[in-house]
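As you go down the protein sequences, you meet chains A and B in turn.
Using my numbering, the first residue of the first sequence is number 1, and each one after it goes up by one.
Using my numbering, the first residue of the second sequence is number 1, and each one after it goes up by one.
Any given hint could be a false lead.
One copy or two, either will do: identical chains are not told apart, so a pair holds if it fits within one copy or between any two.
[To be verified] Calculated cross-link-like contacts (lysine-lysine; reagent style DSS-like; alpha-carbon spacing at most 27 Å):
id, residue 1, residue 2
1, K104, K57
2, K57, K78
3, K104, K83
4, K71, K83
5, K104, K58
6, K83, K58
7, K168, K83
8, K172, K194
9, K57, K95
10, K104, K172
11, K58, K78
12, K194, K104
In case anyone wonders, no lab produced these hints; they're calculated from the structure.
2 protein chains.
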Amino acid sequence: MINYPNGKRYSAGIAGREKWLKPNFSSSHGNRGMTLEEDLNNTNLYYLSRGIAVIHKKPTPVQIVQVDYPKRSAAVIKEAYFKQASTTDYNGVYKGKYLDFEAKETRNRTSFPLQNFHEHQIRHMEAVLLQGGISFVILRFASTEEVFLLDAAVLLRFWSRMEQGGRKSITKQEIIETGRLIPTGYQPRIDYIKVIDDLYL
Amino acid sequence: MINYPNGKRYSAGIAGREKWLKPNFSSSHGNRGMTLEEDLNNTNLYYLSRGIAVIHKKPTPVQIVQVDYPKRSAAVIKEAYFKQASTTDYNGVYKGKYLDFEAKETRNRTSFPLQNFHEHQIRHMEAVLLQGGISFVILRFASTEEVFLLDAAVLLRFWSRMEQGGRKSITKQEIIETGRLIPTGYQPRIDYIKVIDDLYL
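Generate coordinates for the entire structure from the input sequences, incorporating the hints supplied.
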C-alpha cells in the first residue's frame, strides 16, 4: 500500500482505483470485502465474457489542463481537475434494450440518504425513462451487504417527495416494498440482470 | 489562445478540450470549422434538449496516480496517464433502443484508413451487435465535409478483409455503396438520428 505525501492512500484494485480520491476515504473497507464498484465491475466482466450483456462503467470525467510529452515516454497529465458527470455511471445493452443505472452504498441500517444522488443524475434518469430506456439504481446496505434494485421512476417519486419538503431519505422498508433484492454470490457477485429479466422483460 | 510551456495549444471549445492533447494536433482546424467531436457534441446536446435522444460521449479514461488536496480548494490531479478505452466513444438511448458508435475523420479524399480503429473498439461493436444493439460508425471526409454512417456489421466485414491480407482501408466508393450520407446543417449539425430512423426503425 502506497501513501502519498498528502496522506492519501493509493489502491490499485481492479475497479477500486478511484476510491482513494475521495477525501473521506477510509481504508477500513479493505478488510471487509470489495467495494460496490469492484463487485459491479466484476459482475459486468462476467456478463461481458459470457455474452450475457455489455455493460460498462463510464470513466470519471476529468478536465485536463496540462500534459507533458516526454521523449520516448507516455504522455503525462500534470494538471487536471475532476468534473461532475452529467450522466449516471453505468450503462450498456441487454437483449437490445438500453440499460442505465447508478450504484450507491450506505452504512445506514434503516434508511438510504437521498443526498447520495445529485440533481444531474436524477435529470438524466428522467430523460432515459422518457426515451423508453431501462433506468434504475442499485443500492447496497453495507452493514448487511444486501443489495437492492430500485426502478428510476420509483426513485424519482422519493426524490420529489424530498423536494416538496418530505424525508431526505428512503426507509429500508420502503426499499423492500418498492424494490427488489438482487441475488449476490460468487459469480456473478451482484446478479442484477436476473432482476432485469423478472421486472422488465 | 493559451500556449503551454511544451508548445501545445490549449483550446477550451465546447467539446474540443481534448483535441490539443494529441501530439499531432494542428491549429489549422480552427479556421475551417469545428472538429467532428465538437459537431457531434453540439448535435447530441440538440437531441437531449429537445427530448429526441439521450446520447453522450464517454469521458476519456485516465489512470490517476497522484492527487493533491489543497485546503479550501478543489482537488488537483498532479499525475495521471491516458488509458485506452475498452469501448467506443458514444452511446445512449433512442426510442428504447441502445445506440453505440465511434466517430472518425480522415483527410484522405478517396478512402478511409482502417487504422483509425482499434481492435478493442471492433470487439466492442461485435459484442453490441450480438446483444441486439444498434452499432455503427460515423465517418467524415474532412476535405468535402461529407459525413457517412456505416453499420458496424459492414465495418466488421471490411475489418476482416484487412485481417485476411486485404485492403487496409475502405474506399469512398464502398462507403457510398454500403453506408448512408448523413444530412448536415445548422441544427443539428450531423443528423444521424434521421438515418437511424430510416435504417433501423
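Which hints from the list above does the structure break, by number from lowest to highest? none
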